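Residue numbers (numbering that gives the first Met the number 0), protein chains in the order written: chain A, 0 to 305; chain B, 0 to 298.
Source of the hints: derived by calculation from the structure; they are not laboratory data. Since we're looking at a predicted model, the values are computed, not measured.
Computed Cβ-Cβ distance ranges for the label pairs, DEER-style:
(1) B:S58 with A:I39: 32 to 38 Å
(2) A:M294 with B:K239: 57 to 63 Å
(3) A:F50 with B:S249: 47 to 53 Å
(4) B:D278 with A:G270: 40 to 46 Å
Chain B is nowhere near these chain A residues, computed Cβ spacing over 10 Å in every case:
(5) I19
(6) K21
(7) A113
(8) D188
(9) Y190
(10) A194
(11) I249
We put the CB at the ideal spot given by N, CA and C, even for glycine.
What follows is the residue order along each chain.
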Amino acid sequence: MNASAAQQPDFDRRNLDWYIDKFVQALVFLGGISAILFIIGIFVFITVEGFDFLMGRFDFVEFFTSPWWEPTDEDEPTYGILALIAGTASVTGLAMLVAIPFSLGAAIFIGEFATGKTREFLKVLVELLAAIPSVVWGFIGLSIMNPLIIELFDVPVGLNVLNAGIILGLMAAPIMTSIAEDALKAVPDRYREAAEALGATRWQVVYKVVLPAAKNGLLGAVLLGVGRGFGETMAVLMATGHAINIPTSIFDSVRALTATIAAELGETAQGSDHYGALFTIGIFLFLITFLINLMADLIVRGVRKQ
Amino acid sequence: MRKSLIALLGASLFSASLSLSAANRVLIQNKGSDTLVNVAQAWAEAYKKVNPSVAVAVSGGGSGTGIAAMINGTVDIANASRSMKKREIQRAKAHGINPKEHVVGYDALAVFINQKNPIDSLSLDQLAQIFGRGGKFTKWSDLGVKVPGCPSDEIVVVSRQNNSGTYAYFKKAVLKPAAKKGLIAKGTYRQGTRDMHGSKDVVDLVEKTPCAIGYSGLAYATDHVKMVCVAQETGGPCVKPSVKTASDKSYPIARPLFMYTNGEPKGAIKAYMDWILSDAGQCILLKKGYAPVREVHCD
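So here's chain A without its partners, still in its complex pose:
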């Protein structure tokens, strides 16, 4: 509004521009809070669907300590997710062992050593890698890794913790690289300059100064990778061998929590105990990934504030 309008208090400002302005403001506000609405909406939805089971058949001790997931047994259905948790945890754990060296190395190289075009090129490449659909990774696990593992290790079946762990590690690495690189970038240049002024070599600067200063951000990157591992479905469904099992070696087949929901949900009667149990797994997964992400976010934020 211009100055003359401001001097005339009874001037009606509600012209078309005013309405558009208000409308766009409301729209942007909605967009801004939509993430919160969606999260609450999703949580309410899965809780409502799982409610009957949670209030009825659900047995906390059985659910978390029994390795027997037999929701369709006619006489005595059991709903134990211990073996499924073990499956998810073993695959995610191995994935982190694969992803942490890869992503840290890549982040340190991109952030501290590479310069100019190399650096830009690598950054684009990492982002590209992050955009590969998970079903493609699953396919690689199924058709390339599977025969390779059988051949190399002389095991009967190549769909196992090792296969899924490597696949998931490669999937999580690009995202972890991006976040780790951000964390390294957040370390002020004066730290590096001070270290170099004291006669430190490049590696000494990275190892003694930059990494300790960025450790929270790096931890955040790892946690986000773990969150990704817990939530990943398609690749894990295809590469784990789909066997409910508490693994004793990396060559054992397992089944993940997510894969169980994906494989069984479409095939249960709505409102049945089995259906509710799957939603209860969903609630559990939601809470776990929410907590992991929240923790990662708080840690990363803590770094930025320094």
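Fit chain B to the known structure of chain A by using the hints.
Same frame as chain A, now just chain B:
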């Protein structure tokens, strides 16, 4: 669903009197058992010629999928290789659906092993101890054989996902009786079975894996896997799975195949069900490797 079907039927009858157009075709939704899906597709295909005004949409997914869809009211005919459980019937009734069971054929449940495996016959008890929880056979050497190409000696147990009718039938016919006899700890599968999502996947994995053993409908047998001759008692005479041994019930693990409709079938669905049970329908079933419900003469 039923209302809309009746409306559709009424509309199609009305327009049929004026002119028969493709847009007014009656659509029958048919879903379920993976064991039955091939023959269900063949029926749907052949029925096009019998009655061009009816289209049958067939999909698989497992008996549990079909039964769940029937309970949820999204299909007209559910295929199942096991009968509906009490709980499922109660649930269906609560949804206002009254499932009616029709036996449309019989199937021998074949046990498959890799071609390299020297085993010829297994008894029901032995099968239970391979597949069941707490069963004592976990290595091929426990059964007194050495399988070439299987250095780990481990028995790779291939099973099906838990909504499969084949999974449920094998459990009921092999594992539950063995548990009653005290041969295995509980009438259910052992931990760590590879749960395949279709009968064909079971056969494929057994074909590729020398250490493996799996089960599926006889119709999924190929020349690349070996079928075990199954004996009622250990050491007793064994019977090879075939259409004939499934029909005369001499094969110990043969099972009826079901189709479920909501109440007594009417109209187009009744006509379709009647045709399936006619000689023409049963001959298609026979050709696909299943046993017909009665003796039929096919050319």
